[in-house]
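Asks: Sequence:
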Amino acid sequence: MEQTVLFSPIGNTDPVRNNCDGPMLHILRHYRPARALLFLSRRMEELEDKNPRLEALARHVSPGTEIILHRSGIEDVSDFTAFQQPFQECLRRLHADSPGCPILLNITSGSPQMNAELCIQASVSMLPLRPIQVLTPTLASNHDVPHLDENAPVADILAWLLDGNPALQAEYDVHPPANRCREVRLTNYVRQILFGGVRHQLAQGDFIGAAAAAHAQDARGYFDQPVLDALAGASARQTFDIKTARHRFASAGLPDIPIQDAPLSQMVEYYLRMRHSFVRGDYAPFVLYISPLAQEACRWYMQQHVMPQLDHVIRDTPRGSQWDMIALQRIYPQAYNLLAPKIYRDNKPPNLSFWHLICLLNEYVRSNPALSRIHAEFEWLRDIEEQLRNRVAHQLTTATRSDLEGISGMSVDQLLKRLDSLMQQVFAPRLTREVLDSYDAMAATLAQMMDA
Numbered sequence: 000m001e002q003t004v005l006f007s008p009i010g011n012t013d014p015v016r017n018n019c020d021g022p023m024l025h026i027l028r029h030y031r032p033a034r035a036l037l038f039l040s041r042r043m044e045e046l047e048d049k050n051p052r053l054e055a056l057a058r059h060v061s062p063g064t065e066i067i068l069h070r071s072g073i074e075d076v077s078d079f080t081a082f083q084q085p086f087q088e089c090l091r092r093l094h095a096d097s098p099g100c101p102i103l104l105n106i107t108s109g110s111p112q113m114n115a116e117l118c119i120q121a122s123v124s125m126l127p128l129r130p131i132q133v134l135t136p137t138l139a140s141n142h143d144v145p146h147l148d149e150n151a152p153v154a155d156i157l158a159w160l161l162d163g164n165p166a167l168q169a170e171y172d173v174h175p176p177a178n179r180c181r182e183v184r185l186t187n188y189v190r191q192i193l194f195g196g197v198r199h200q201l202a203q204g205d206f207i208g209a210a211a212a213a214h215a216q217d218a219r220g221y222f223d224q225p226v227l228d229a230l231a232g233a234s235a236r237q238t239f240d241i242k243t244a245r246h247r248f249a250s251a252g253l254p255d256i257p258i259q260d261a262p263l264s265q266m267v268e269y270y271l272r273m274r275h276s277f278v279r280g281d282y283a284p285f286v287l288y289i290s291p292l293a294q295e296a297c298r299w300y301m302q303q304h305v306m307p308q309l310d311h312v313i314r315d316t317p318r319g320s321q322w323d324m325i326a327l328q329r330i331y332p333q334a335y336n337l338l339a340p341k342i343y344r345d346n347k348p349p350n351l352s353f354w355h356l357i358c359l360l361n362e363y364v365r366s367n368p369a370l371s372r373i374h375a376e377f378e379w380l381r382d383i384e385e386q387l388r389n390r391v392a393h394q395l396t397t398a399t400r401s402d403l404e405g406i407s408g409m410s411v412d413q414l415l416k417r418l419d420s421l422m423q424q425v426f427a428p429r430l431t432r433e434v435l436d437s438y439d440a441m442a443a444t445l446a447q448m449m450d451a
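Going left to right, the sequence shown walks through residues 0 to 451 as numbering that gives the first Met the number 0 numbers them.
There could be a bad hint or two in this list.
Unchecked claim - Per label pair, the in silico range of CB-to-CB distance:
hint : residue 1 : residue 2 : range
1    : M324      : D382      : 19 to 29 Å
2    : I192      : A443      : 17 to 27 Å
3    : L337      : S410      : 18 to 28 Å
4    : R219      : A427      : 51 to 61 Å
5    : M324      : S410      : 36 to 46 Å
6    : G405      : S366      : 29 to 39 Å
7    : D75       : A249      : 52 to 62 Å
Quick caveat, the hints were computed from the structure, so don't treat them as lab data. Given the structure is predicted, the values throughout are model-derived calculations rather than measurements. Backbone N, C-alpha and C fix where the C-beta goes; we use that ideal spot for every residue, glycine too.
Turn these sequences into a full structure, and let the hints guide you.
Replies: Below is the structure:
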């Protein structure tokens, strides 16, 4: 049985009424919570002082429950302002003492104002509140069970209490419904608003913003921990913190999201992030990422298939990647002879460029014609990258769909399909269809977790 705790106002129908459990006693009988806080007004305190029954009867029906009698001293139970703050303090106390346990709310006992306040709390609180309504037992009006004096001693009450006493029910042929507890599904409006905001950010591809909103101090209590972990994982992935992303996804029970490992992680994740925005019609990341992505993709392909010691002739500096001209002359003299005139002509630092890599790839095509197809694809990508860069620089605006289609001569869907094909050639066999769609799948998984 799930471990729970109970918060219950005590009213005139407690602990018993008409030979049956009162609402508080009936909830204890069927849920067996770890602890129960019974909230007494001044009137209920006086009745309990005259005839102490609550604790004994509660322990009889639920022996393992810790019973806490909270004497509030409240005189007027029709005054909302008298018990709003005490209710909230008691609920916070229960939650602090039993973290992670749902708090059952008895919304049948007590005054109508008490019941209404508990329903309001269930609609706005970040605590795990679960309202329970207890239906009135329907008994034949002419049943001849000896009338139970509700002020009788505990022993007499137990002798003539129908609930939990099948022999007595059979003897008098009176059978109240075995379980009259009903869980009431109330919409938590604060939670609904917060979830709506996070869902909107997920739909926009803003995993960083979604995680920040859910983890805010005033919001995180409304989200289950696996959801918080999954959102944090998505945020870490979007900032290319792969180690943290893996850890948070595993904590959320999502170890199978296909994040790429080094040395591919940075390049592939850049492409996947850009691709996710592109699919949704946000082309700004494409313009932002296409130049570094194209250069690094070409560099990776060249090292894997053409120049296996390429990393030995390139220095990665804080200002960017540069050719190590001495190492290049020693390891790849033919490449040095090709690039040196281009580099030294401008009297600038030997910065690595996409154009340099394409020039080298073109040289290798002469001895290996099989490289001509991938060379042509990189040339196509460089042409698009160069035109985009020039257009953005001159217009000082980001590229639109019509810009992309005008530059590429194809629809954005065709453009993305061709990009996917090129990246799959470069990063084969790691960049599968599953990996390409993993950002969209991640967003869908997060949405499903929030809907659960």
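Asks: Of the numbered hints stated earlier in the document, which are not met by this structure?
Replies: Checked against the structure, the hints that fail are numbers 3 and 4, while the rest are satisfied.
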